[in-house]
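Novice: Single-letter residue listing:
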Amino acid sequence: MGRKLLIHNDKVPGINTLEVYRAHGGYASVEKALKTMQPDQVTDEVKKSGLRGRGGAGFPTGMKWSFLAKPEGVPRYLVCNADESEPGTFKDRYLMEKIPHALIEGMITSSFALGAKQSYIYIRGEYFYVARILEAAIAEAYAAGWLGKNILGTDFSHDCYVQVGGGAYICGEETALLESLEGKRGNPRIKPPFPAVAGLWGCPTVVNNVETIAAVVPIVNMGGEEYAKIGVGKSTGTKLISASGHINKPGVYEIELGITVEEFIYSEEYCGGIRNGKKLKAVVAGGSSVPILPTELILKTAKGEPRLMTYESLSDGGFQTGTMLGSGGFIAMDEDTSIVKNLFTFSRFYHHESCGQCSPCREGTGWMEKILKKFLDGTANESDVDLLWDIQSKIEGKTICPLGEAAAWPVAAAIRHFKHEFIEIAQKKKFVDISHYDRLNKIRA
Amino acid sequence: MKVTIDGIEIDVPKGTTILQAARMIGQEVAPPTMCYYSSLKTSGGYCRTCIVKVTQGSAANPTPMPKPVASCRTEVMDGMVVENVTNKDVLEARKGVVEFLLVNHPLDCPVCDQAGECSLQDLGYGHGAATTRYEFPRREFERIDIGKYVQLHMNRCIMCFRCVKVAEQLTDNRVHGVMHRGDAAEISTYIENVIENDFSGNVIDVCPVGALTDKTFRFKSRVWFTKPVDASCDCKKCSGKVRLWMKGEEVLRVTARKDQWGEAEEFICNTCRFDRKKTSDWKIEGPTKVDRHSVISQNHYNHLNELKVQVLKQQKALGFMDINKRP
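Respectively, the protein sequence lines represent chains Y and C. Okay, so the first sequence: first residue is 1 according to the numbering used here, each after it adds one. Okay, so the second sequence: first residue is 1 according to the numbering used here, each after it adds one.
Since the hints were derived computationally from the structure, they do not count as laboratory data. Model, not experiment: these values are computed from the prediction. Treat each hint with caution, since some may be false.
Below, in silico cross-link-like pairs of lysine-lysine (PhoX-like), each with a Cα-Cα straight-line distance of 25 Å or less [claimed, not checked]: (1) Lys278/Y x Lys419/Y; (2) Lys95/C x Lys370/Y; (3) Lys278/Y x Lys430/Y; (4) Lys14/C x Lys191/Y; (5) Lys41/C x Lys184/Y; (6) Lys41/C x Lys258/C; (7) Lys41/C x Lys14/C; (8) Lys67/C x Lys191/Y; (9) Lys429/Y x Lys373/Y; (10) Lys373/Y x Lys303/Y; (11) Lys236/C x Lys220/C; (12) Lys419/Y x Lys429/Y; (13) Lys47/Y x Lys32/Y; (14) Lys95/C x Lys191/Y; (15) Lys370/Y x Lys428/Y; (16) Lys341/Y x Lys419/Y; (17) Lys191/Y x Lys41/C; (18) Lys191/Y x Lys53/C; (19) Lys191/Y x Lys227/C; (20) Lys70/Y x Lys278/C; (21) Lys278/C x Lys316/C; (22) Lys229/Y x Lys32/Y.
Negatives, chain Y to chain C, calculated, CB over 10 Å [what the hints assert, rightly or not]: (23) Ile259; (24) Thr260; (25) Glu296; (26) Thr365; (27) Lys428.
Which stretches of chain Y does chain C cover? Using the computed rule of at least three CB atoms under 8 Å from a CB of chain C, they are [stated by the list, open to error]: (28) 80–87; (29) 351–358.
A virtual CB, placed ideally from N, CA and C, is assigned to each residue, including glycine.
Using the sequences and the accompanying hints, generate a full structural model.
Specialist: Quick look at the structure:
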């Protein structure tokens, strides 16, 4: 059994209440930090822990915190990014729903380290019921004195707010999130300046993912060095993985970074193998935007080493033969899956979620979806594959925010590894079964 | 600060963007722009036509920037090295951006009032492909009157956000903005005919395409059949420095004076733009100097002689027969 630090108590009845959470060692990190540590010491512990952002990009959290500008007389903010919208990712929801106090405890400890008097949890609109859970937990924390003025009798005061978004994927991009939080249209800002210098209302702001903030709690409790012992190399600690697709046991799993992908898919502790005894065809390892990999490349790297669930191992080989850990949205597909149909679903999503600010993403995402629709309808020809490749290459890296890349990478990877499927459809040797969509349309109508 | 653009070094003050530095060097290396407007704050960065490659970040940190950057929103650093027209990837990427801009553009130039002074036409001509690879229906909208004098033809819009910034920065109340998202995004007032502001006419000048047009000028004449002259008047609301577009003695249209980058030098008020349509309203300063590459320069008296001399020189150099001595 791997160690669990974040969701080890998830099955305890009543863990969503402050009383039970406290009885299981909750809010110890706040006590430890506020009573025995200086803010910079907390930041140092996070640096030592080697914690990397769990939202997708994997940027070292301690470094992000140390970039925060600290001018005199200007408030600083901590914003928690709970706008978890990447297809295939649902770990933050699980954490917030089951153990809301873990997030709030992390918010208080992190805010203490950053010197933030106010913090915001920006949660996506579809999670309105989770927002209610969080608000109930915050009310409990206020009543018990964990939030508010002079927490634990120290001069540290803190207020935490929950803000529900409208449910746009783009608002998970940190600057679009800040715009939305300020009450504007959620369009990404042009960087620089970065949020660490001018973020929320022009003040220095740190934006962190739910899981990142929750991971600060065990780091403070056990010490950064102890936390860094878990994992392999620069991938330290534990990570929540949202496993979905054609596996026997879909769900949220906390893994120690460094287990092999093979173990994760086939062991009884985690996914429990591919359902109905079928063979694995491909895996999207970190949420829909990361490149899809065929079985032979997801289980072993191009060098023949076993692929590990770490930031480095999954990205081994670049995008030619590798992928990314991303947000940990692990989607497994069995041998019957049509990669083209799956890609259409992803592309439709990115087309729907493009904000419309910059031209390559606004026009390119829609164009790619329309071409992929041709494959589904059986009217595509071989030149469409090259056209798709060309369009994605002209979107990637040319946009304001990473949504352009997120839309381009899955297309590129599907063509890179599964070009034969596109060609077979274009040559009318095979067709995509779209009866599923017909049924859906009938239900909608 | 020293910055090198396409091998040409220039000294610029701190805070200058790459685009401004390139424009200081000259037209040859200046990237094309669709959404940037120097007199509007926070404009630029959206259309991505001005992307350039930074091969050296600064003298202190010479690592190249991984992705192409929008030159209009990137400030120069000392010792920065930038490649624009000398970089194949940049030109290829720009071609891609032009293609994206044209994907949902109706290409109805023959019936568009902007034709002849359209930034998208120039861009497409200079950087685009000859044919389209887009085979699907383009998005369509109804034409709407967003104000008494301004008509919005959303089909042609390329979402440069300039008109939104004009309304935000020039007028007291912005009543139009962007609705919806992605390729369904549109400029709209939500309620028709609500733009009443005295400076609202400037949205027509800043629009790089034919999406916002002057209702007092629509379909009156092609721009190249009119003669632009600079004129002024004593206006209480604005500087009164305008450009009249005349046909004979008739003033067909009044616009702001635009510089060589197609940007208004000074914004003008609606009274000057829409109500002063008689020559007696204006003190005429003289003919506008139009670039000879512009279609507007055709048939125009002020450059005709100069042009003739140039053409003759070229012909002589190429050994052509003198056009005037043809048997």
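Novice: Next step is simple, just say for each hint if it's right about the structure.
Specialist: Comparing the hints with the structure gives:
1. Lys278/Y x Lys419/Y: holds, 22 Å
2. Lys95/C x Lys370/Y: Since the Cα atoms of Lys95/C and Lys370/Y sit roughly 21 Å apart, the hinted pair holds (cutoff 25 Å).
3. Lys278/Y x Lys430/Y: Distance of about 21 Å is within 25 Å: holds.
4. Lys14/C x Lys191/Y: Within the cut-off at roughly 18 Å; holds.
5. Lys41/C x Lys184/Y: holds, 18 Å
6. Lys41/C x Lys258/C: Holds: Lys41/C and Lys258/C sit about 18 Å apart, inside 25 Å.
7. Lys41/C x Lys14/C: holds, 17 Å
8. Lys67/C x Lys191/Y: Holds, at roughly 13 Å.
9. Lys429/Y x Lys373/Y: Distance ~17 Å between Lys429/Y and Lys373/Y Cα, so the pair holds.
10. Lys373/Y x Lys303/Y: Not satisfied, since the Cα-Cα distance of roughly 36 Å exceeds 25 Å.
11. Lys236/C x Lys220/C: violated, 29 Å
12. Lys419/Y x Lys429/Y: holds, 14 Å
13. Lys47/Y x Lys32/Y: Measuring from Cα to Cα gives roughly 17 Å; hence the hint holds.
14. Lys95/C x Lys191/Y: holds, 24 Å
15. Lys370/Y x Lys428/Y: Satisfied, since the Cα-Cα distance of roughly 18 Å is no more than 25 Å.
16. Lys341/Y x Lys419/Y: Measuring from Cα to Cα gives roughly 13 Å; hence the hint holds.
17. Lys191/Y x Lys41/C: Given pair Lys191/Y, Lys41/C holds - Cα atoms ~15 Å apart, limit 25 Å.
18. Lys191/Y x Lys53/C: holds, 16 Å
19. Lys191/Y x Lys227/C: At roughly 43 Å apart (the allowed maximum being 25 Å), Lys227/C and Lys191/Y break the hint.
20. Lys70/Y x Lys278/C: Given pair Lys70/Y, Lys278/C is violated - Cα atoms ~60 Å apart, limit 25 Å.
21. Lys278/C x Lys316/C: violated, 45 Å
22. Lys229/Y x Lys32/Y: holds, 21 Å
23. Ile259: holds, 31 Å
24. Thr260: holds, 31 Å
25. Glu296: Holds, since 30 Å exceeds 10 Å.
26. Thr365: violated, 7 Å
27. Lys428: Answer for Lys428/Y: holds, closest chain C Cβ roughly 18 Å.
28. 80–87: Violated - the stretch 80–87 of chain Y has 0 residues with a Cβ nearer than 8 Å to chain C, which falls short of three.
29. 351–358: holds (count 8)
Of the numbered hints given earlier, the model fails hints 10, 11, 19, 20, 21, 26, 28; all others are met.
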